[in-house]
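Listed here are the chains, written in short residue letters.
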Amino acid sequence: MRCGRAQKHMTAAVDGELGPRQRGALDRHLAGCDPCRRELAATERTLRALDALPMERAVSDGLEQTTLRRVRLAAAEEEERAHRRWRLWLPIPAFAVATVAVLVLAVGILTRTGEAPAPRAVASAPLKPSAERLARAQPAPPTRRPRAEARQAVEPPAEPPAELAAAPDLFMNLPILKNMERLEHFEAIQTTTLDDETPSGQAEPSSG
Amino acid sequence: MASATVPERERPPRDPLVPADEAGAPATPGAAAADPDVALMLRVQEGDQAAFQELFRKLSPRVLQYTRRFVGSDALAEEVTQDVFVQIFRFRHRYRPQSRLSTWVFTIATNLCLNELRRPERHLRVDLWERRDAEERHEGPQLPDPDAVTPEAGAAGRELARQLEVAVGALPPKQRAALLLSRVDGLAYRDVAESLGCTEGAVKALLFRATQTLKKNLRDFL
Chain A
1 MRCGRAQKHM TAAVDGELGP RQRGALDRHL AGCDPCRREL AATERTLRAL DALPMERAVS
61 DGLEQTTLRR VRLAAAEEEE RAHRRWRLWL PIPAFAVATV AVLVLAVGIL TRTGEAPAPR
121 AVASAPLKPS AERLARAQPA PPTRRPRAEA RQAVEPPAEP PAELAAAPDL FMNLPILKNM
181 ERLEHFEAIQ TTTLDDETPS GQAEPSSG
Chain B
209 MASATVPERE RPPRDPLVPA DEAGAPATPG AAAADPDVAL MLRVQEGDQA AFQELFRKLS
269 PRVLQYTRRF VGSDALAEEV TQDVFVQIFR FRHRYRPQSR LSTWVFTIAT NLCLNELRRP
329 ERHLRVDLWE RRDAEERHEG PQLPDPDAVT PEAGAAGREL ARQLEVAVGA LPPKQRAALL
389 LSRVDGLAYR DVAESLGCTE GAVKALLFRA TQTLKKNLRD FL
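In the order they appear, the protein sequences are chains A and B.
Using my numbering, the first residue of the first sequence is number 1, and each one after it goes up by one.
Using my numbering, the first residue of the second sequence is number 209, and each one after it goes up by one.
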């Protein structure tokens with residue numbers, strides 16, 4: 001080991017931070033080098049003098065009070081920030097719940113609307129003739145259809161089914177046709193049910 | 209003739225069961241809890257305000273002395289010390305018991321001191337020593353150092369300490385930080401490196417240069 005390198009290791013050696021191999025090399029160098037021994041002594045004196053300096057300094061009450069006051073303020077700010085964050089995030093779950101509720105309602109309404117096909121209304125009319133015709137006239141049991149298809153089904157047919165055209169008496173059984181003459185008097189209709197069996201004189205319209 | 213072997217500075221004994229690279233840091237949570245400083249800090253993390261006050265009373269004298277030597281001004285050192293403890297409180301949840309509390313605290317102190325020294329409006333004026341001279345004038349005649357064998361030795365010791373503080377204050381900030389950290393609480397070079405964010409080799413180099421400068425400046429007093 002040369003003198004320059006030995007001197008670089010001296011501070012670490014005095015502080016006990018040198019590895020055993022480097023420490024041994026330094027010791028061997030020092031054994032034969034008087035200037036390095038003097039340098040080591042000076043390094044040691046310097047570091048000892050530094051260590052002898054007081055490592056603590058009295059803290060005034062003022063400093064303690066000021067620091068603790070600032071820390072209390074920091075704690076209050078922290079708490080306020082946490083509350084603010086909570087308030088900021090609170091509407092989000094509420095909004096999510098409301099959105100989900102609206103979506104569920106909307107889906108429910110649309111599904112119901114789609115499941116009301118028009119032919120069923122016609123088919124459910126009371127059928128007097130043979131059971132065979134009735135069976136043919138009845139549509140297939142209700143199944144879930146795609147919404148577009150269901151909407152198409154709601155459209156009234158241009159022509160009545162052949163079975164019904166061949167048997168007009170089926171129409172005659174409909175209550176609306178029985179009370180057709182009452183449609184001429186709108187106001188009376190508002191207060192009279194179609195199945196009303198009262199004599200026509202009692203439900204005479206006041207104007208017309 | 210001086211001894212050929214290198215005398216070592218006294219350091220806290222290391223646990224032989226702990227590897228060299230982990231020595232000085234509590235290896236397990238149990239060991240961490242056994243360290244009173246760490247236990248105190250864990251209470252602070254739980255929101256115990258009394259524990260924080262206790263921590264302040266325990267650490268602030270060392271932090272104040274460290275910042276005073278670092279920034280070279282009593283008033284500024286008090287401001288930085290306040291900042292150090294406010295930061296300790298703000299970032300209390302970032303402390304991990306795996307590292308020594310003093311390493312963490314002095315890392316914060318070092319960073320704040322370096323920030324203070326880097327401030328553009330700050331002129332690197334060390335007023336500490338002028339102030340001490342003024343204080344000495346007001347305090348009247350100096351009392352003899354009770355540890356000194358003779359009054360002359362006591363006066364020489366005080367003068368050496370004063371010159372030493374001036375010389376430390378004149379060191380470049382990084383060297384000053386490394387030197388002061390290595391003297392505080394027996395911080396190992398590994399802890400100093402952790403505080404400064406550099407390698408142990410870099411710490412050794414910083415300390416070598418700092419010691420060389422001090423030896424040169426204090427040749428007449430040592």
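Keep in mind the hints are simulated off the structure, nothing from the lab.
Worth double-checking, as some hints may not be accurate.
Quick list of simulated restraints, FRET-style, between CB atoms [claimed, not checked]:
#, chain 1, residue 1, chain 2, residue 2, range
1, B, Lys-266, A, Ala-75, 18 to 28 Å
2, B, Ala-364, A, Arg-5, 29 to 39 Å
3, A, Arg-28, B, Ala-378, 47 to 57 Å
4, B, Glu-262, A, Gln-22, 36 to 46 Å
5, A, Ala-58, B, Gln-257, 22 to 32 Å
6, B, Asp-256, A, Arg-28, 46 to 56 Å
7, B, Gln-253, A, Asp-34, 30 to 40 Å
8, B, Arg-326, A, Asp-34, 22 to 32 Å
9, A, Arg-28, B, Pro-244, 17 to 27 Å
10, B, Asn-323, A, Glu-79, 25 to 35 Å
11, B, Asn-323, A, Ser-60, 22 to 32 Å
12, A, Val-104, B, Gln-306, 45 to 55 Å
13, B, Arg-298, A, Thr-113, 54 to 64 Å
14, A, Thr-111, B, Gln-306, 57 to 67 Å
Selected chain A positions facing chain B (in silico; Cβ < 8 Å) [what the hints assert, rightly or not]:
#, residue
15, Met-1
16, Gly-4
17, Lys-8
18, Asp-15
19, Ala-49
20, Met-55
21, Arg-57
22, Val-59
23, Glu-64
24, Gln-65
25, Arg-70
26, Ala-74
27, His-83
28, Leu-88
29, Ile-92
Here are the simulated EDC-like cross-link-like pairs (lysine to aspartate or glutamate), alpha carbons at most 16 Å apart as the crow flies [stated by the list, open to error]:
#, chain 1, residue 1, chain 2, residue 2
30, B, Lys-423, A, Glu-56
31, B, Lys-424, B, Glu-373
32, A, Lys-8, B, Asp-243
33, B, Lys-266, A, Glu-44
34, B, Lys-423, A, Glu-44
35, B, Lys-424, A, Glu-44
36, B, Lys-382, B, Asp-428
37, B, Lys-266, A, Glu-39
38, B, Lys-266, B, Asp-282
39, B, Lys-266, A, Glu-64
C-beta: ideal position from N, C-alpha, C; glycine also.
| query | Which numbered hints are broken by the structure, listed smallest first? | reply | The structure breaks hints 3, 7, 8, 9, 15, 16, 24, 27, 28, 29, 30, 32, 33, 36, 37 and 38; every other hint is satisfied.
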